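**Student:** As a plain string of letters, each chain reads:
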Amino acid sequence: MDIKELLKNSPLYPILIIESIFSSRFRRLFINISGVFLLALFALATFFSATSFELSRFAPRVWGLVCLGLAFYFVAKMIEWYFNSSYYFDNIALNRYHPGDLFTFTVGRVLLATKNNDVLYGFMTSAVGTRVLQRCGITSLDIAKFLELRPSGQFYKIPISPDQVLKFRELVIFLFQNDSTFAQFLADHGINESELVGAVNWVIYEIEFGEYRKRWWSSSNLSRLPGIAKDWGFGNTGTLDKYGWDLLHGLNFSSDFYGLSSHLDEINQVENVLAKQKEANVFIVAETGGERMDIIWSLVRRIKDGIAPPALEYKRPVLFNSAVFLSHFKEKLELEAELLKIFKEVSRAGNILLIFDNFNSLLQGFRTLGSNFLDLFYPFLNSNSIQTICLVGNDEFHQEIENNGSLMALFDRVFVRPLPVESVIHNLEQTVWSIEEQYKLFFTYPALLAIVEGASKYFSVSDSDDKASDLLTEIIPWAKQKNYKIIDEDKVQELLQSKTGIPIGKIREGEKEKLLGLEKNLAERVVGQREALTQVSNALRRARSGIRSEKKPIGSFLFLGPTGVGKTETAKALAEIMFGAEENLLRLDMSQFQTSESADNLIGSAALGRPGLLINLVRENSYGVLLLDEFEKAHSDVHDLFLTILDEGYFSDKSGRQVSLRDMIIIATSNAGADFIWRMVREGKKPELESDALINNLVTRAILKPELLNRFDAVVIYHPLLDDELKLISRLMLGRLAKRLSGQGITLMITDYLVSVVAKLGANEVFGARPMQRFIQDHIEQQVADGLIKGDIKSGFVISFEPKVGADEPELIVKGNK
Amino acid sequence: MRFFAIILQYLSWHYSRAILEFSHIYKNIIVFVFNFFSISILLRSYFAPWRRMGEDYEKKIIDDFEDVASTFVVNLIMRIVGIVMRTLIIVFGTLFTLLVVLFYPIILISWLVLPLIIVVLVLLGFGLLFK
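Protein sequence lines, in the order shown, are assigned to chains A and B.
This note's numbering applies: residue 73 is where the first sequence begins, and numbers increase by one.
This note's numbering applies: residue 43 is where the second sequence begins, and numbers increase by one.
No lab work stands behind these hints, which were simulated from the structure alone.
Some clues are possibly wrong.
Unchecked claim - Estimated spans, in silico, between C-beta atoms of each pair:
hint, chain 1, residue 1, chain 2, residue 2, range
1, B, T136, A, T123, 26 to 32 angstroms
2, A, D337, B, L154, 49 to 55 angstroms
3, B, Y88, A, K413, 46 to 52 angstroms
4, A, K80, B, V161, 29 to 35 angstroms
5, A, K80, B, T136, 23 to 29 angstroms
6, B, Y88, A, N454, 28 to 34 angstroms
7, B, T136, A, W153, 50 to 56 angstroms
8, A, E508, B, I122, 51 to 57 angstroms
9, A, I93, B, R59, 45 to 51 angstroms
10, B, L154, A, I93, 27 to 33 angstroms
11, A, S233, B, L154, 27 to 33 angstroms
12, B, I122, A, D337, 15 to 21 angstroms
13, B, F46, A, S96, 43 to 49 angstroms
Unchecked claim - List of simulated lysine-lysine pairs, DSS-like, C-alpha gap at most 27 angstroms:
hint, chain 1, residue 1, chain 2, residue 2
14, A, K876, A, K623
15, A, K862, A, K876
16, A, K552, B, K69
17, A, K529, A, K644
18, A, K758, A, K217
19, A, K376, A, K286
20, A, K314, A, K404
21, A, K876, A, K644
22, A, K286, B, K173
23, B, K69, A, K376
24, A, K302, B, K69
25, A, K529, A, K592
Keep in mind the model is a prediction, meaning the values are calculated, not measured.
Each residue gets a CB set at the ideal place from its N, CA and C atoms; glycine is no exception.
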């Protein structure tokens, strides 16, 4: 099938040719400039005719030029109208088609750019194809290189048939699936099929939206200008205007192209309520302020565009600024008088849609001044003389408003569901156009995906739309500061990483070293326990390499072993090595959660009326190590809660919102099997190699359920410390003391005797190495402190500890000056 | 030959479909002008007080005739102001809309003779240029 022939036979051919030779932008520019030129010529001709000088003899010729120019101008205009007639009236601009058409206009633009029937070449060199690839983060230079190197003469039988119109999206998918070099080229740039299709949709949407806006003569575009005497039939609201914002005047963004893409159901519900004869008031309940206002803005837009139900046609939505209002008054009476004045005004005006955001805060504000807002509100609501929309959050609605029967009798309620990811992306696509235009930036489609994903993953529980827009807004000054012009996935990840401290995206050099040397780094702080450290390190490397399930915590471990053998120390070391600081260790003493209400204390409950302990911890720092000390002591309900967390990486709070722990390492410690471990040691076995026996033991004794044990990435067994390991710990701790003393100019000699005496007296079977620090404090540091106070030790002295006659503990010996 | 075919194709568009489309756009503009002056809503609220200003009778005592009368007068004035203002806009808006409507045949005729005008302009232009 010859593509040129196919094109020539298409009814789209004339406008495709006009568009390819003189783009619409060029034509408009040309017509405008020639119009100005014509006016100038006309002025010149008039001047020549009026003057009595020599010049007047040129007048007829200039008039002749005016006539020819005018004829030329009319011809240009007629071509433009002819083009527009076909382009806009047949909706070709919007890629609509007629029965019998073979392809849409955008496909025609690609086919027109083909050379030797090479459709991929046509796609990659046409303006629309280049735009798609740019949105994928591929530059014109990359395209040129690819076209130069690819094997020439690629022919495909493009899927054109008289039964089905070929659309641009289908053509691109066809090319992707049928040309392996193209698919490979995209894969080299990190683009998969769904990202390509996303970019295509975005570009088509951009073209169609732009064309729609150009049709100023369409009734929907014309109706945007409000009538001059629309408000004359309604009253003034002088007092309300002091505290309110007329949203019709605040609407500074364009009307939506295809109607409304998001929350359409909720907007319809709100409109239906507001169009009622009686009790036409509504509560909009949504998690975030952004979602609530999104509904309001959509409603305002529909009123302004004249597509709202007739009952709302002349309504004036006014957002009441409760904070400003409340801040004006200190006295209850003044406050109430002013509010009544506003209600009377609204009631008399007849066209006000009064909107209260954070309705619960307004009620609270009135209560603070000893007044009751609802008492003043009811008479007006009951008489149906005012119409209100109240915006409120989920929790606040359930806690403070829902139970008020008399209020709810006058209101309907509309719950706003969080937007699905596709809608969030779609909303961002529209926002990005204006940002790009205003700030001269360019966003790739993968960057957009990274924003949406990052927003939902790292900042939120459910309000992804709001957070994604916030993140997008944050990118602008950041990119300007860094002098970035193109925002791609890497840039978004860079910003996310700098904001959260969470390594995102590619594994960077420093992190690679950290991961590869994890055992070594851990072993510097945790003595012995080689098996345990290897197990933990392997699990974490698996996680960061991308193999781990995204829907689970980074790692989850159960550390079993006697007290004082390095379990907590491992958790601290991990927090420092993996997350940069020991402060990233979040610790929960699970022995505090032994009762049946414990799960509620952790995740909060409506009855408690406050968020849970775990939620508070995770909200403050959702990236780090969560240490659950003495895990076995927690109530079985708490264990059940962790079944979900370990499995899914999140839990739901009292309002059903998901709280993510997917960026945490969860470490549960327990010394439940310590007696069993000791028994094994006495029998000469290595407990770290007998994990099955230990787990069986715990299950048989019903200390931990098997399903919970299975949920951990690894059950890691810590063996009791051997003498040599205790000595190593003792040396480490003394080393820390020596470092502190060297700060005061005092040198502590760490002798073998000192190390072994601290290891022997400082550790015991029950508590392992834990009392060692205490021993050093009481018996070593104390003697040094006494010496310092008495003046026996001064800066520059060298000190040592020797055996004391008749006692176990060592004696301080001052060795003199350095 | 091809040039004439294009001209013919154009002219058939110019005298058929273009007129329909032009009329459609013109209708949109007339509706827009009519809505812009809010004539229908002004007619519906013709006797209403100006911006709903006025006083309430509800708390006045019937004996206090003077008070009731003054309220009546205030409200009457507000209605008169409303009527005057609305009449002004209705008259102006209607005239303007009529003007726009009347322009339709003029523009339409201009459209019909536009090809001829172009020919005349070209002939006249060359005539003047080489006079």
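**Student:** Give a verdict on every hint.
**Tutor:** Cross-check of the supplied hints:
| no. | hint | in the structure |
| --- | --- | --- |
| 1 | B/T136 - A/T123: 26 to 32 angstroms | 46 angstroms, violated |
| 2 | A/D337 - B/L154: 49 to 55 angstroms | 50 angstroms, holds |
| 3 | B/Y88 - A/K413: 46 to 52 angstroms | 29 angstroms, violated |
| 4 | A/K80 - B/V161: 29 to 35 angstroms | 31 angstroms, holds |
| 5 | A/K80 - B/T136: 23 to 29 angstroms | 53 angstroms, violated |
| 6 | B/Y88 - A/N454: 28 to 34 angstroms | 31 angstroms, holds |
| 7 | B/T136 - A/W153: 50 to 56 angstroms | 31 angstroms, violated |
| 8 | A/E508 - B/I122: 51 to 57 angstroms | 55 angstroms, holds |
| 9 | A/I93 - B/R59: 45 to 51 angstroms | 23 angstroms, violated |
| 10 | B/L154 - A/I93: 27 to 33 angstroms | 29 angstroms, holds |
| 11 | A/S233 - B/L154: 27 to 33 angstroms | 42 angstroms, violated |
| 12 | B/I122 - A/D337: 15 to 21 angstroms | 48 angstroms, violated |
| 13 | B/F46 - A/S96: 43 to 49 angstroms | 27 angstroms, violated |
| 14 | A/K876 - A/K623 | 60 angstroms, violated |
| 15 | A/K862 - A/K876 | 20 angstroms, holds |
| 16 | A/K552 - B/K69 | 48 angstroms, violated |
| 17 | A/K529 - A/K644 | 25 angstroms, holds |
| 18 | A/K758 - A/K217 | 62 angstroms, violated |
| 19 | A/K376 - A/K286 | 19 angstroms, holds |
| 20 | A/K314 - A/K404 | 19 angstroms, holds |
| 21 | A/K876 - A/K644 | 36 angstroms, violated |
| 22 | A/K286 - B/K173 | 44 angstroms, violated |
| 23 | B/K69 - A/K376 | 21 angstroms, holds |
| 24 | A/K302 - B/K69 | 21 angstroms, holds |
| 25 | A/K529 - A/K592 | 31 angstroms, violated |
Violated hints, in rising order: 1, 3, 5, 7, 9, 11, 12, 13, 14, 16, 18, 21, 22, 25; the structure is consistent with all others.
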